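*Asks:* Now for the letters of each chain:
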Amino acid sequence: SAVISQKPSRDICQRGTSLTIQCQVDSQVTMMFWYRQQPGQSLTLIATANQGSEATYESGFVIDKFPISRPNLTFSTLTVSNMSPEDSSIYLCSVQSRDQQETQYFGPGTRLLVL
Amino acid sequence: QKEVEQDPGPLSVPEGAIVSLNCTYSNSAFQYFMWYRQYSRKGPELLMYTYSSGNKEDGRFTAQVDKSSKYISLFIRDSQPSDSATYLCAMGSSGGYQKVTFGTGTKLQVIP
Numbered sequence: 001s002a003v004i005s006q007k008p009s010r011d012i013c014q015r016g017t018s019l020t021i022q023c024q025v026d027s028q029v030t031m032m033f034w035y036r037q038q039p040g041q042s043l044t045l046i047a048t049a050n051q052g053s054e055a056t057y058e059s060g061f062v063i064d065k066f067p068i069s070r071p072n073l074t075f076s077t078l079t080v081s082n083m084s085p086e087d088s089s090i091y092l093c094s095v096q097s098r099d100q101q102e103t104q105y106f107g108p109g110t111r112l113l114v115l
Numbered sequence: 001q002k003e004v005e006q007d008p009g010p011l012s013v014p015e016g017a018i019v020s021l022n023c024t025y026s027n028s029a030f031q032y033f034m035w036y037r038q039y040s041r042k043g044p045e046l047l048m049y050t051y052s053s054g055n056k057e058d059g060r061f062t063a064q065v066d067k068s069s070k071y072i073s074l075f076i077r078d079s080q081p082s083d084s085a086t087y088l089c090a091m092g093s094s095g096g097y098q099k100v101t102f103g104t105g106t107k108l109q110v111i112p
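In the order they appear, the protein sequences are chains A and B. Be aware that the first sequence starts at 1, since it is given in the numbering used here, and climbs by one per residue. Be aware that the second sequence starts at 1, since it is given in the numbering used here, and climbs by one per residue.
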C-alpha cells in the first residue's frame, strides 16, 4: 500500500482567495487523482494528474479554477482559485494501486471552509 | 437516475449484529466492485475488491455481487464499535484504470 499525506489538513479561507493543497506519496506512482467530497454526496473526481503531462479534468471542472501541478512521481498540488463558499468541501488526493489498478489509496483529505 | 445508489443511513446496530450494506447500479458496463471504509476525518480505505459475481470473504467481511440484478452488498459479521464509519461502494467498467464511480456512502454506528 501507499502512504499519502496532505497539507494542510484543514483551512478556513476568505472568499476570493486561493488555496494550494499538497499531496505527497511515499513511493513513485504514475497516476494521481484529486477528488472533492461534499456532505451527503459521493466522491467527485476533479482531475487525473499524470507526471509529465497536463492534468485531465472531468466535466464541470476547469483548469483556471483548479490548476494542478505534477512535478514528479511522488508529489502533486491542487489549487482552488478565487474561492467562494460553494468550494467548501473535503479535497482528497489518491493514487492508483500497483497491484490492482482499479483500486486506489486515498490521502487523509483537506477540509476547506470558505467564508 | 444516478449510476450508483446507496442508502445514506445512518444505520445503527448493537454490537455483535450482522450488518448488511447495499448498493444498486444502473450501468451494465461496471465489471469490478469495491467497498471503502471511511472513518471520520480520514480518507477512504479499501476494504474489499471483487471482479465477479458471487461472494468474497475476508475475515468478518463478505462482499456479494449480483450482476444480473445490478446489486452489491457488504456484510459485516459480529460487528464491533470500531466498525463505526461510513462505507462507500465503488465500481468501474474495465481492467486497468478507468474512472471509478462512488456511492454516497452509508454511515454505520455500532453501539456497545
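Fair warning: there could be bad hints in the mix.
Each computed DSS-like pair below joins lysine-lysine, with the alpha-carbon atoms no more than 25 Å apart [unchecked claim]:
hint, chain 1, residue 1, chain 2, residue 2
1, B, 56, B, 99
2, B, 99, A, 65
3, B, 2, B, 67
4, B, 70, B, 107
5, B, 42, B, 107
6, B, 2, A, 7
Honestly, the hints are just simulated from the structure, not real lab data. All of these numbers come straight from a predicted model, not from anything done at the bench.
*Asks:* Do the alpha carbons of residue 70/B and residue 107/B lie within 25 Å of each other, as the hint requires?
*Replies:* Satisfied, since the Cα-Cα distance of roughly 22 Å is no more than 25 Å.
*Asks:* Decide if the proposed pair is consistent with the structure: residue 42/B and residue 107/B, CA atoms, cutoff 25 Å inclusive.
*Replies:* holds, 14 Å
*Asks:* Are the Cα atoms of residue 99/B and residue 65/A separated by 25 Å or less?
*Replies:* Between residue 99/B and residue 65/A the Cα gap is close to 21 Å, so the pair holds against 25 Å.
*Asks:* Given the hint that residue 2/B pairs with residue 67/B, does the C-alpha gap stay at or below 25 Å?
*Replies:* holds, 17 Å
*Asks:* Does the structure keep residue 56/B and residue 99/B at a Cα separation of 25 Å or less?
*Replies:* It holds: about 23 Å lies between the C-alpha atoms, which stays within 25 Å.
*Asks:* Are the Cα atoms of residue 2/B and residue 7/A separated by 25 Å or less?
*Replies:* Violated, at roughly 32 Å.
Hint violations for this structure: number 6 only, all remaining hints satisfied.
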